[in-house]
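Chemist: As a plain string of letters, each chain reads:
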Amino acid sequence: AQSVAQPEDQVNVAEGNPLTVKCTYSVSGNPYLFWYVQYPNRGLQFLLKYITGDNLVKGSYGFEAEFNKSQTSFHLKKPSALVSDSALYFCAVRAYGNDMRFGAGTRLTVKP
Amino acid sequence: DVKVTQSSRYLVKRTGEKVFLECVQDMDHENMFWYRQDPGLGLRLIYFSYDVKMKEKGDIPEGYSVSREKKERFSLILESASTNQTSMYLCASSPTGDSGNTIYFGEGSWLTVV
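Each protein sequence line maps, in turn, to chains P and Z.
Number 58 in the working numbering belongs to position 63 of the first sequence; there are no gaps in the numbering.
Counting the second sequence from 1 gives a position; the working numbering is that position plus 58.
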């Protein structure tokens, strides 16, 4: 069965500092990995995904994620955090079929 | 632009009522999904549909049913609402054929059962 884990419920970072939101996955076969962001009282917005190829994936709003097969990780990163990046972030995996599995979410707070 | 529309954003229903949550997508996607989101639990799949009149149970189908009579519309039905079904419900859609296809979400429906 496929699954993802987001080990941190909460991440706090100062504005202008780099941020990392962690994600590890478990899947049989090749994984398709996704990051979504959710602002208060809104649905999930797609940020980026890894399908194949370059391990560093660039996405929306300056975010990027690094796929590491040996560590089964797909951490979300941004070089310089903004207060407006404060939101709930979800990692997801889709290995086969049409089903997508989500982590529990990590709440990112960026302080001025 | 991709558009998944959930017609009801906020609902308050009484225990035992029958509840319909409607979702429409305008992207001609084959796959449609209903998720439930609860704090600390992330998103859990209730049902999904890969074609008209086709459906598959997800992880938590108990107490729910679905209907897909047209490709663009996917309805979630709570036959007899209970307080433990108070939650945020998210509809989503995606093309079929490739697991790398992105799933697109609606804005969510907040349901409170009293």
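Since the hints were made in silico from the structure, they are not lab data.
One or more of the hints may lead you astray.
The following residues of chain P were derived to be distant from chain Z, with all beta-carbon distances above 10 Å [to be verified]:
hint, residue
1, K53
2, Y56
3, N63
4, H70
5, V78
6, T104
7, V105
8, P107
Dumping the calculated EDC-like pairs for lysine to aspartate or glutamate here, alpha-carbon to alpha-carbon at most 16 Å [to be verified]:
hint, chain 1, residue 1, chain 2, residue 2
9, P, K64, P, D94
10, Z, K111, Z, E75
11, Z, K113, P, E59
12, P, K72, P, E59
13, Z, K115, P, D94
14, P, K44, Z, D109
15, Z, K129, Z, E80
16, Z, K61, Z, D156
17, Z, K128, Z, D109
If you anchor each label on the Cβ, the simulated ranges turn out as follows [said to hold, decoys possible]:
hint, chain 1, residue 1, chain 2, residue 2, range
18, Z, T73, P, E61, 40 to 50 Å
19, P, D49, Z, T170, 26 to 36 Å
20, P, S55, Z, E114, 42 to 52 Å
Where is the CB? At the ideal position from N, CA and C, for every residue including glycine.
Chemist: So, for every hint listed, does it hold in this structure?
Modeler: Going through the hints against the structure:
1. K53: holds, 15 Å
2. Y56: With a cut-off of 10 Å, P/Y56 remains clear of chain Z, as the shortest Cβ separation is near 16 Å.
3. N63: About 18 Å separates P/N63 from the closest Cβ of chain Z, which puts it past 10 Å; holds.
4. H70: holds, 17 Å
5. V78: Its Cβ never comes within 10 Å of chain Z, the nearest being 23 Å, so this holds.
6. T104: Holds, since 16 Å exceeds 10 Å.
7. V105: Nearest chain Z Cβ is 20 Å from P/V105, so the label holds.
8. P107: Given that every Cβ of chain Z is farther than 10 Å from that of P/P107, nearest at about 26 Å, it holds.
9. P/K64 <-> P/D94: violated, 21 Å
10. Z/K111 <-> Z/E75: violated, 25 Å
11. Z/K113 <-> P/E59: Roughly 35 Å separates the two Cα atoms, so the pair is violated.
12. P/K72 <-> P/E59: Answer holds: P/K72 to P/E59 is near 5 Å, not above 16 Å.
13. Z/K115 <-> P/D94: holds, 11 Å
14. P/K44 <-> Z/D109: Cα-Cα ~25 Å, so violated.
15. Z/K129 <-> Z/E80: holds, 13 Å
16. Z/K61 <-> Z/D156: Violated. Z/K61 to Z/D156 sits at ~20 Å, over the 16 Å cutoff.
17. Z/K128 <-> Z/D109: Holds. Z/K128 to Z/D109 sits at ~9 Å (cutoff 16 Å).
18. Z/T73 <-> P/E61: 40 to 50 Å: Given about 47 Å between the Cβ atoms, the range holds.
19. P/D49 <-> Z/T170: 26 to 36 Å: violated, 45 Å
20. P/S55 <-> Z/E114: 42 to 52 Å: 30 Å Cβ-Cβ, so the 42 to 52 Å window is violated.
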